[in-house]
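S.K.: Listed here are the chains, written in short residue letters.
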Amino acid sequence: MSTHGSGALSTSASDGLSTSANEGLRFSGPRVAAGLVLGAWAGLFWFLLAAGRTSLYLSSRTAWLVPLGAVLATLATLGRLATARVRNPEPLGNHETWMFGVIVLPVVLLLAVPPATLGSYAVGRRSASTGGGIGASARIVSGPIDLVDVAAARAVADAAAALRARAGERVTMEGFVTEEQGEADRFQLTRFVITCCVADATISYVTVVDAPPGGFETEDWVRVTGPIYPLGSDILVQAESVEPIDPPEHPYLTP
Amino acid sequence: MAVDVEPRSGASRRADGRRSNPPVVWVIAALTGVAVLVRLSDPASLPWLRNLLIVFGSLLVEAMPFILVGATVSAAIEVLVPASAFARIALLPRGLQLPAAAAAGVAFPVCECGSVPVARRLAAKGLSPGAAVTFMLAAPIVNPVVVASTFVAYRGRDTLWVMVLGRLALGFVVAMAAGWVMGRIRSGDLLRARSGEVEAREVDVAESRWRRFFGHLSGDVVFMARFLIMGAALAAAIQTFVPQSIVDGVAGLPVLSLIAMMVLAFVMSLCSESDAFVAASFTAFGPAAQLAFLVFGPMVDLKLAALYAGTYRRGFLPAVVIAVGATTLVATMWIQVIWG
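Chains A and B supply the protein sequences, listed in that same order. Take 132 as the starting number for the first sequence in the numbering used here and just add one per residue. Take -10 as the starting number for the second sequence in the numbering used here and just add one per residue.
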């Protein structure tokens, strides 16, 4: 390989890489740059997949988008790089170069940022009108009660009735502490429910009573066990045990 | 390995003949600086910044694969479907073209981000502007995946069929109405002109079909991605700094509740395959307001606004906002009168 003209990379039959049809072809800067940009996105998708970080951004329902993005971006990268040689390569312009930089910027940000999930700040941004509208009432009747069922009970009359019918049943729920309501032995156990991605997150929560006073701070992840009591618009769990846990691998719930 | 990174004009070489710093070095330096800054500053310790980055990242991680799918379909149309096919469709009466374009959306089960590059390619190949816009607006609502997700979101509610069938019907009606309005645009005036030089660098018409396919594919992704990134950044910022509770006060008010939900859909920029679950969670709002959210959002939101601004000529964005907004508002007002 050798460079010719204004820095464009050239290949010839003598370097053993090209056929007669490719003789005289040289790498085009814009095409190589586009290939590298696509490769950066492919790399991000493969990283999310390999590092198990998909669940930080997408629900289990849409997690297939990451391998799809990885495969398509990889194919687009290989295709672009394989077709990057032309007879008369154009130079890469200033504006174009910065534009490519802008497209790679999110990749750099998402690779550099440590793993993190929505927390109490996001809870305060969600509407008080939302009740986590999940049509999951059937689960309340048959399965173990979780915070998705609680969200359904706040939104759907049938689900609320099903939950009331199981009042006093012992449940185990995991979530993070969001509010202490001015009393040392009460807090809200909260979890975000997402359908596609974190942008559509809604809140589900129960009020935990009889918790060990002062034992937990906002955003601490805990596992609460105790009987559940739907009381009017509130849903309480009387804590028999509250134990600290590490943030789960899948921090968001999906209906 | 070296590739040509010199600017086409300007300061590629200084007057003394020495080479100036190529911008690619500055771009790499800037990106490296951002990475180092993020690692050192620990953005997770700032709740608002953490929220901003997570929402921004999630919008992109979800939307980019759809852009890739849309660009793949778009590139396949470009190299496989002859322009004469679209020219023949363009000769049909508009009264036939628009319903057919809306119905074609049923066969394209991707989110709104994927329909934009396809519509752009269809228009570039000769499909009438009205039909291309109708397809682009209808596809994210009328495709079977979105219909199914709306059904699941409202399962168990009294308003189930109002929401599922209402969304489907309004998707067709509003898309065709907006397509009718956009049909007044001449074919050559719909798309924003791209530099011939840029097109030529991506694809050479003399190249083989598969080489042109990858040229169009990468060109479409790169072209759409920058606007998607801008839109996602704006949407993430608004989600981070503007609480959703600002719409709570108008939940019970006629007309205002519809407008509030349309504004909310615009700023939240949700995927059309998930927005029904969010709409269903706004239990204080009636079915008409939730339908306004579900019809307006997939047609016009912040990330789409950025894509439209980059894809179409000046004037398209305000026209489509007004056409889609007015039709959605009038239609949902009737629904509000009947179902609340």
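The hints are simulated quantities; they were obtained by calculation from the structure and are not laboratory data. Keep in mind it's a predicted model, so treat the numbers as computed, not measured. Every residue, glycine too, gets a C-beta built ideally from N, C-alpha and C. Hints may be right or wrong, so weigh each one.
Stated by the list, open to error - On the chain B side, residues computed to face chain A include the following (Cβ under 7 Å):
#: 1; residue: N40
#: 2; residue: L41
#: 3; residue: L42
#: 4; residue: G46
Claimed, not checked - Chain A is nowhere near these chain B residues, computed Cβ spacing over 10 Å in every case:
#: 5; residue: I78
#: 6; residue: L81
#: 7; residue: G204
#: 8; residue: R302
S.K.: Each of the hints needs a verdict: does it hold here or not?
M.R.: Results of checking the hints against the structure:
1. N40: 5 Å, holds
2. L41: 10 Å, violated
3. L42: 5 Å, holds
4. G46: Status holds, d = 5 Å.
5. I78: Correct as stated: the minimum Cβ-Cβ distance to chain A is 28 Å, above 10 Å.
6. L81: 33 Å, holds
7. G204: 6 Å, violated
8. R302: Holds: least Cβ distance 20 Å, greater than 10 Å.
When held up to the earlier numbered hints, the structure conflicts with 2 and 7 and fits the remainder.
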